[in-house]
Each structure stands twice: as C-alpha cells, then as structure tokens.
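With the sequences and hints as input, model every part of the structure.
Number of protein chains: 2
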Amino acid sequence: MTTEKSLIDSALRGWKSNVESADKLFVGLSPEQLEHEVAPGKNRLIYLWGHLAAVNDALLPLLGIGERLHPELDGMFISNPDKSVPLTVSEQSLKAAWQEINRKLYEGFSKFSASDWTKRHTAVSEKDFEREPHRNRFTVLLGRTAHLAYHVGQATLARPKA
Amino acid sequence: MTTEKSLIDSALRGWKSNVESADKLFVGLSPEQLEHEVAPGKNRLIYLWGHLAAVNDALLPLLGIGERLHPELDGMFISNPDKSVPLTVSEQSLKAAWQEINRKLYEGFSKFSASDWTKRHTAVSEKDFEREPHRNRFTVLLGRTAHLAYHVGQATLARPKA
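So the sequences go chain by chain: U and V. Residue -15 is where the first sequence starts when you use the working numbering, and the numbers rise one by one after that. Residue -15 is where the second sequence starts when you use the working numbering, and the numbers rise one by one after that.
Hints in this document: simulated from the structure, not taken from any laboratory. Incorrect hints may have been included.
A pair counts as met if it fits within one copy or between any two copies, since identical chains are not told apart.
[Unchecked claim] Below are the BS3-like pairs computed for lysine-lysine, each with C-alpha atoms no more than 27 angstroms apart in a straight line: (1) LYS111 - LYS0; (2) LYS145 - LYS103; (3) LYS67 - LYS26; (4) LYS0 - LYS103; (5) LYS26 - LYS8; (6) LYS111 - LYS79; (7) LYS79 - LYS0; (8) LYS103 - LYS(-11); (9) LYS79 - LYS145; (10) LYS145 - LYS67.
Predicted model, so just to flag it, every value in this text is computed and none were measured.
Written out as structure tokens, the structure reads:
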C-alpha cells in the first residue's frame, strides 16, 4: 500500500469506528430510552442522534458526493435547540435515515483518490482555497469524525444499564 | 504541498484543535470547579483532565518519541476509576504536566515524515504489523484525537456558565 493510501485508510477506519460506536449506542433503544437527557437539562439522546444524522447528511453536498438525502432533519436537529420544536420523526424513520446517509457517504468516500481528498470542499471558493489549502475534504472528514466522537462521549453518559 | 503532506497537515490541525478545546475547558478552572461531575455520579472534570494528560503522555513511547514524562498519572487517572484513589496532584501541577506533555508530543509529531507516520507503533510486533499494516502511528494519532473529542464532549456538559 502506498503512503497516501495508508493515510486515507487510517482515516476511513476512524470514521467507520465512530459511526459504529454511535450505532451501538442509539440503534435498538426504545422511544422512552431515547428521551433520556445526557445530563440534567442537556440534550436528549434522540436529539444527539438526529443531530449526527443531519450533520452527516450535510457532508454529501459539502464533499461533492451528492444531494442531501434528509434536509428535513435540519429544522429539528441543527437550527433549533433540543425541546424547542416538536419532532416529527419516529425512531424507526430516524434509524432508516441514519443508515441510508452513512451508507451513501461511505460509498462516496470509497471512490475518492488520495488527491481527491486534498481538493477543496464545496463551501470554500477557489480563491480562498489558494490561500487556505487545508480547507479540503480530508480536513472535513477528520473534523466530522471528531464531531461524532464528541457526541458519542456525551451519549454514553445516558446509556441504559445492560 | 504534496498530497501526503497535505493529509498529515489536516491530521495535525485536528489534533491541535482538540487539544486547544481541552485547554479552553480545563485550564483556569478553580479546584472547586474541577470537582464538578459531568453528569450525576459520573467522572469529575479533574479526572477527565488527568485521564487525557495520562493517555497523551503514553503516546510518547507508543509513537517512539521518547520516554514517559508523567507515568505517575496512570494510577490516579487510567488504571483506577474516579473517586477510588486519592489524587496527589494539584490543579497547578496537572496544568504544568498537561502543557509539558502536549508540547513534547507536538515537537515529536512535527519531525515525522509521511512515511514515518505509516510505520508501526511500538505496541505491535513486526510480524503482526505485516498482517495488519493499519496498526501504525497515523491510526494512533487519529484514534487519540477522537479520544480527546469524546471526553471534551463530556466535559463541556459541566462547563461553568460564563
């Protein structure tokens, strides 16, 4: 394996492992369990799950993989804080969206060459990218991996006892 | 910048940004504030900070950068759960250790070439590494970056109101 490929492989493994941790935490929880707050007065598990799904969904256009699959999640899970708007998504439909989004993302990730990963993401202009070449797809992938880990760490606090 | 260098640059930026998030959260808290639990019955902030310092310190030998600087942290922050052994470290000495460890690590990181990053870490044998080449320094760096993010996410829940 070339050095470039090995570096990408490490990053994709990191992404996958954090998605799997989120899977283990959220998938299979009952609607009641998903209502638990991670700490008193803080976000509920359902909110963190929806938030991760929505943020991952937004990666599709940001990395140039494709259109958003579930833009309807943003109002509930990104632009408004938890408990401020009614959730019109069931745990079943959220699970389906979550899995569909992550599948589509991973398909897209797998097609990128090393040099594709170092190209600019779609929210930075060509001109800005000349000055700031770190605003590329790979930086986004690593940042969103850390974003997954950040909220998985929180959600773990409310995990039901086995 | 070559593709390899660009990929490494993204990863080092990610590491740095998560260390800085932890800095912002922990450095400057009073001893009383560091006693706060992130959720009822869960780890205290002082424990998470010490835990991150100890885990980062262990990266020095794991990545072949040098000897441990603060192995004395392990008994308090890795091998025993929070509140099970008395802490013999003040917030001032923890802060000094934290900064010293992260400085030494970053110095070491900066000296690695792209191909150094894809070499095995010191806890995997040459033989195992032939079969599992992803057990390399870069995978460790990304994993520990996610580990920082995971606990920063938790610590944020107990951040004192500004």
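Comparing the hints with the structure gives:
no., hint, in the structure
1, LYS111 - LYS0, "between (32 angstroms within a copy, 25 angstroms between copies)"
2, LYS145 - LYS103, "neither (44 angstroms within a copy, 39 angstroms between copies)"
3, LYS67 - LYS26, "both (10 angstroms within a copy, 24 angstroms between copies)"
4, LYS0 - LYS103, "both (22 angstroms within a copy, 21 angstroms between copies)"
5, LYS26 - LYS8, "both (21 angstroms within a copy, 20 angstroms between copies)"
6, LYS111 - LYS79, "neither (39 angstroms within a copy, 41 angstroms between copies)"
7, LYS79 - LYS0, "within (17 angstroms within a copy, 33 angstroms between copies)"
8, LYS103 - LYS(-11), "both (15 angstroms within a copy, 13 angstroms between copies)"
9, LYS79 - LYS145, "within (21 angstroms within a copy, 34 angstroms between copies)"
10, LYS145 - LYS67, "both (25 angstroms within a copy, 20 angstroms between copies)"
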